[in-house]
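Start from the sequences, fold in the hints, and give me the full structure.
Residue numbers (numbering that gives the first Met the number 0), protein chains in the order written: chain R, 0 to 220; chain G, 0 to 245.
Simulated from the structure, these hints should not be mistaken for lab results. Honestly, I wouldn't trust all of these hints.
To be verified - Covered by chain G, according to a simulated footprint, are these stretches of chain R (three or more residues, beta-carbon under 8 Å): (1) 67-76; (2) 151-163.
To be verified - One side only, chain G facing chain R, incomplete, derived with CB under 8 Å: (3) PRO5; (4) ASP6; (5) GLU39; (6) ILE43; (7) GLY47; (8) VAL53; (9) PRO55; (10) PRO59; (11) THR60; (12) ARG235.
For each residue, glycine too, the CB sits at the ideal point set by N, CA and C.
What follows is each chain in one-letter form.
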Amino acid sequence: MTHSSYARIVAVPGRVRVISVVDDARREPEVVGEHTDWGAATEAELSIGFARGDEACLHEVFRRLAPLIYTIAYRALDSSSDGEEITQDVFVSAWRARDNYQVEKGSLSGWLIGITRHRIADRQRARGRDLRLVQAVTNTTDVQGQPETLSTLIDRIVLTEEIGRLPHPRGSILQLAFWEGRSYPQIAEQLDLPLGTVKSHARRALRHLRTQLAEVTSWPT
Amino acid sequence: MAHLSPDRLADSALGIDDPLTAAEQNHLASCAECRNELGELSRIAHLGRQPEHVAPQLVPTDAIWQSIQVQLASQATAPATTEPSAEPPPSAPTIAELPRRTPRLRSWFLVAAAAVFGLIIGAGITTVVVRDRVEVASSTSLEPLPGQTGQGTAELLRDRGRPELRVQIDAPPSPDRYREVWLINTDGQRMYPLGVLPDDGRATYPLPPALAGQLEGFNIVDVSIEPYDGNPAHSRESQVRGVLPT
Numbered sequence: 000m001t002h003s004s005y006a007r008i009v010a011v012p013g014r015v016r017v018i019s020v021v022d023d024a025r026r027e028p029e030v031v032g033e034h035t036d037w038g039a040a041t042e043a044e045l046s047i048g049f050a051r052g053d054e055a056c057l058h059e060v061f062r063r064l065a066p067l068i069y070t071i072a073y074r075a076l077d078s079s080s081d082g083e084e085i086t087q088d089v090f091v092s093a094w095r096a097r098d099n100y101q102v103e104k105g106s107l108s109g110w111l112i113g114i115t116r117h118r119i120a121d122r123q124r125a126r127g128r129d130l131r132l133v134q135a136v137t138n139t140t141d142v143q144g145q146p147e148t149l150s151t152l153i154d155r156i157v158l159t160e161e162i163g164r165l166p167h168p169r170g171s172i173l174q175l176a177f178w179e180g181r182s183y184p185q186i187a188e189q190l191d192l193p194l195g196t197v198k199s200h201a202r203r204a205l206r207h208l209r210t211q212l213a214e215v216t217s218w219p220t
Numbered sequence: 000m001a002h003l004s005p006d007r008l009a010d011s012a013l014g015i016d017d018p019l020t021a022a023e024q025n026h027l028a029s030c031a032e033c034r035n036e037l038g039e040l041s042r043i044a045h046l047g048r049q050p051e052h053v054a055p056q057l058v059p060t061d062a063i064w065q066s067i068q069v070q071l072a073s074q075a076t077a078p079a080t081t082e083p084s085a086e087p088p089p090s091a092p093t094i095a096e097l098p099r100r101t102p103r104l105r106s107w108f109l110v111a112a113a114a115v116f117g118l119i120i121g122a123g124i125t126t127v128v129v130r131d132r133v134e135v136a137s138s139t140s141l142e143p144l145p146g147q148t149g150q151g152t153a154e155l156l157r158d159r160g161r162p163e164l165r166v167q168i169d170a171p172p173s174p175d176r177y178r179e180v181w182l183i184n185t186d187g188q189r190m191y192p193l194g195v196l197p198d199d200g201r202a203t204y205p206l207p208p209a210l211a212g213q214l215e216g217f218n219i220v221d222v223s224i225e226p227y228d229g230n231p232a233h234s235r236e237s238q239v240r241g242v243l244p245t
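See below:
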């Protein structure tokens, strides 16, 4: 893509219009979306609004992504209060640093997850210090099995979300195969679909997941 | 031979259809590109079988969102020196990292709640009463938080110039928990634990000397209900709260 693109947010009372000027040379605005509020905006439109500093947009981004961010932090740190603190911190940090977010470089969710990853790692390092202190005081050593890495945990949570969001019948097929351990012939029978169709959906779904996961983890860490 | 087709790679990762032929396996052995792709697809198929669900209904989004608003608003009105001039990109792990303190911070949550409830109801009156060289510099009523009962007052005293906080609340203690009095900063970042509140709900606490002047923003008086867990942090369950006028 050699086109430069930028976007303009037009807000009138009760309505938000997102206008993306796709071709700088033509200077012809192309309407990406028009909404009564951000609730109906696509993720791409939200990304633009976020980068432009629209606070109502921030709220919608929060509404959609806070559960994901919270779940990652909560599971990684096994603490609901740490989960809440990190969720708050991620959105405040992201909002302040929104100038660093570039729409064309990747998804907003991926960017937020990248910030989350750093916050969790910071907290885990601090805990490591605490743990060493406790061990020094109590003169104990705790040999534990290697815990799941943060990256793997994030991938699992993101994949669960993506599998849950796949459209029917693709989502049902993958959920039955992955989460309920059904065989493809069983799934075909249950959903009353030809076996070849089921397999074809499963292949495409897997490739879709690979693309989505790459998108989320594409931000430099 | 040519690269394995996307379908064959996906089939192999999913365990669908025929196993890879000898020729396909030979190709994989010599082609890093196909090997990497199959590796990633297999990893996804493996991780996809271990779901980790997000449960939006379990996430306290309202409370977090209020805290975010308070923090953004307090930053917007803060002096320019506290405004981060050049935020590092997310690759730098230090953006707006809260400074580490003891006890660990839970104050954002409280301040959020304070912003919603306390600031409205805690409009105390500033009076200066000279009583045995103890001045009441300011005072506020303490009002119950939602779901709590109780009422009280907090008075900022100057006993021969030393700052003290006198707290009286009329609320029963919980049987297996104790109460603690805190001064919370309106910046949403800092708090001081003043001490345990006796069961009769009356106590006077010396304040850190640096707060002798204008409380330095530590205007929110908070009484928390604490479990006997040895954790020095605020439990985040507050019984009553008020804001001392400056």
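Checked hints:
1. 67-76: Per the Cβ count (4), the hint holds.
2. 151-163: holds (count 10)
3. PRO5: holds (6 Å)
4. ASP6: holds (6 Å)
5. GLU39: GLU39/G check passes; min Cβ-Cβ to chain R is 6 Å, inside 8 Å.
6. ILE43: holds (5 Å)
7. GLY47: holds (5 Å)
8. VAL53: It holds, given that the least Cβ distance between VAL53/G and chain R is near 4 Å, below 8 Å.
9. PRO55: holds (4 Å)
10. PRO59: holds (6 Å)
11. THR60: holds (5 Å)
12. ARG235: holds (7 Å)
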